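A.B. asks: Here is how the chains run, residue by residue.
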Amino acid sequence: MRLVPVLALALIASACAAETDERPAEFAYIVKAILAPSCATATCHSARTQREGVDLSSVAAARATFDSRPLAPQTGEPNDSELLFILRTSGEQRMPIDGPLPDADIALIEQWIIAGAPR
Amino acid sequence: MKRAILIALAIAATAGIAQAYPQYQLSREQTCGACHLSPTGGGLLNDNGELTDEDDAKWGGDPTFLHGAKELPEWLHLGGDVRFAAGASNPGGGFGPALFPMQIEGHVQADRGPVSVVADLGFTIPNEDTPITLLWSRSHYVEWHQQESGEGLYARAGRFMPTYGLRLAEHTAYTRRFGGTPLFSEAYGASVGWVTPGAELHLTGFVHDRWQESIEDGDGAALHAEKRFGKLSVGAQGRYANGAEDVRTQGGATAKLWLDGPEVLLSAEAQVVHQKFDAGGKRNQAVAYLLATWFFAHSYFLDVGLGHYDEDVKVPDVDRDTVEVNLHWFPKAHMELVLMGRLQMIALGQGGDNASYGLVQFHYRM
Chain A
121 MRLVPVLALA
131 LIASACAAET
141 DERPAEFAYI
151 VKAILAPSCA
161 TATCHSARTQ
171 REGVDLSSVA
181 AARATFDSRP
191 LAPQTGEPND
201 SELLFILRTS
211 GEQRMPIDGP
221 LPDADIALIE
231 QWIIAGAPR
Chain B
1159 MKRAILIALA
1169 IAATAGIAQA
1179 YPQYQLSREQ
1189 TCGACHLSPT
1199 GGGLLNDNGE
1209 LTDEDDAKWG
1219 GDPTFLHGAK
1229 ELPEWLHLGG
1239 DVRFAAGASN
1249 PGGGFGPALF
1259 PMQIEGHVQA
1269 DRGPVSVVAD
1279 LGFTIPNEDT
1289 PITLLWSRSH
1299 YVEWHQQESG
1309 EGLYARAGRF
1319 MPTYGLRLAE
1329 HTAYTRRFGG
1339 TPLFSEAYGA
1349 SVGWVTPGAE
1359 LHLTGFVHDR
1369 WQESIEDGDG
1379 AALHAEKRFG
1389 KLSVGAQGRY
1399 ANGAEDVRTQ
1409 GGATAKLWLD
1419 GPEVLLSAEA
1429 QVVHQKFDAG
1439 GKRNQAVAYL
1449 LATWFFAHSY
1459 FLDVGLGHYD
1469 EDVKVPDVDR
1479 DTVEVNLHWF
1489 PKAHMELVLM
1499 GRLQMIALGQ
1509 GGDNASYGLV
1519 QFHYRM
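From first to last, the protein sequence lines are chains A and B.
Mapping the first sequence onto the numbering used here, position 93 (from 1) lands on 213, and the numbers just tick up by one.
Mapping the second sequence onto the numbering used here, position 198 (from 1) lands on 1356, and the numbers just tick up by one.
This is chain A alone, in the form it adopts within the complex (with noise of 0.2 Å):
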């Protein structure tokens, strides 16, 4: 029964995160806690179905499916960038198709590009 209290206090910390965003603007972390959990799904950009050819269900796979394409183009300018473009639009093309990603983890993804997408 230890446990419950344990996840209450994890519940509430989630509920009273803190202030600022400290993660790491980094391909590897953006790709393993942002995108594969959201678009690496069954039937959409996972490594067994790969929809429009795009794959993100790990690093080594989304780094060559970034090399083949202007998902993010190592310009540092975010203007450039498809991956942005379709987080952001309000149109037929707006991915994630279930709901979009927050706000601060596309910011994430901006500041990543913002320093020239290295991968």
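The set of hints was computed from the structure by calculation and includes no laboratory data.
All figures in this text were calculated on a predicted structure; none of them were measured in a lab.
From the three backbone atoms N, C-alpha and C, an ideal C-beta is built for every residue, glycine too.
Mixed in with the good hints there might be a few duds.
Reference excerpt, derived from the structure (chain B facing chain A, CB under 8 Å, subset only) [to be verified]:
| id | residue |
| --- | --- |
| 1 | Pro1340 |
| 2 | Pro1474 |
| 3 | Leu1506 |
| 4 | Gly1507 |
| 5 | Gly1509 |
Using the hints provided, position chain B relative to the given structure of chain A.
C.D. replies: Here is chain B on its own, set in the frame of chain A:
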């Protein structure tokens, strides 16, 4: 039309394939094996499960395989599930139409004494370059069970989903995808368990699929234990997976409470998921779900669910909450209609666009 297909794919990806109706577990029976051939629930129904299907249906009907058109030998069990959904979905950029298959899958079980061979084969969205990926067997395993009822000891080896969580048929927003059992994350492994009306324990060791790509890329173990005190059930669970690029360690609790008076079942699950990345960095995620199910009339029940997911408890405004409403109706044996609605919010509307959907799901069980 392209948008409808894309939305369909996304919702199919988040939906999950129905496992069971744990809503019946405390309100009627005490174990999954009371209605299912499998002691862990899901898949093919046993005789009692088929009778429950008939009893629950508004207009009855023959609940057996193909409505009784084909009698099977006692050692062979066949079945299948077909699900479609239609409606509208708003992924954050406005509503669009949605019409899509959710599940087209057949099941087979062959028994020889206390040993069963179980397999399923279904269709899924294929890889455009590899059409054979249209076909998919999520589960295939050999199982030994001590008693025909599914109670007592059991052991299983093969490809299956490690027993974990509430195992709801409802398409929960977060607890499955972020809580360790996302759709198509079955793995090869061995499992032992012990099931009685008063308690159950399931322990699984697993390795990820080396032959076919799976959502689960880790090797590890899962434990789920549950103890019942009359109409209250409490559970504890833990899971460890060492993946190619990360290590996930998670634990949590489940609970169910049946309220006789209003005929309401409350179900809850809460977990903390610690994820350590090989490339550096770590995070703690929190995922929780609370579901109230009201059996308000024969052949109907209504679910209202609240979901919570925080992708990093130390980071502001990356938490998500959802409200879900599902109305289930069983018009005739083998058939189910579900009205499903969901609203998702990020940081209670302050961290990004809301998303929502309204769908009708049709389910036919062969």
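A.B. asks: Now look at each hint and say whether the structure bears it out.
C.D. replies: Hints, one by one, checked against the model:
1. Pro1340: holds (7 Å)
2. Pro1474: This hint holds: B:Pro1474 lies near chain A, its Cβ roughly 5 Å from the closest one there, short of 8 Å.
3. Leu1506: Hint violated; B:Leu1506 Cβ to chain A Cβ min 10 Å, cut 8 Å.
4. Gly1507: violated (11 Å)
5. Gly1509: holds (5 Å)
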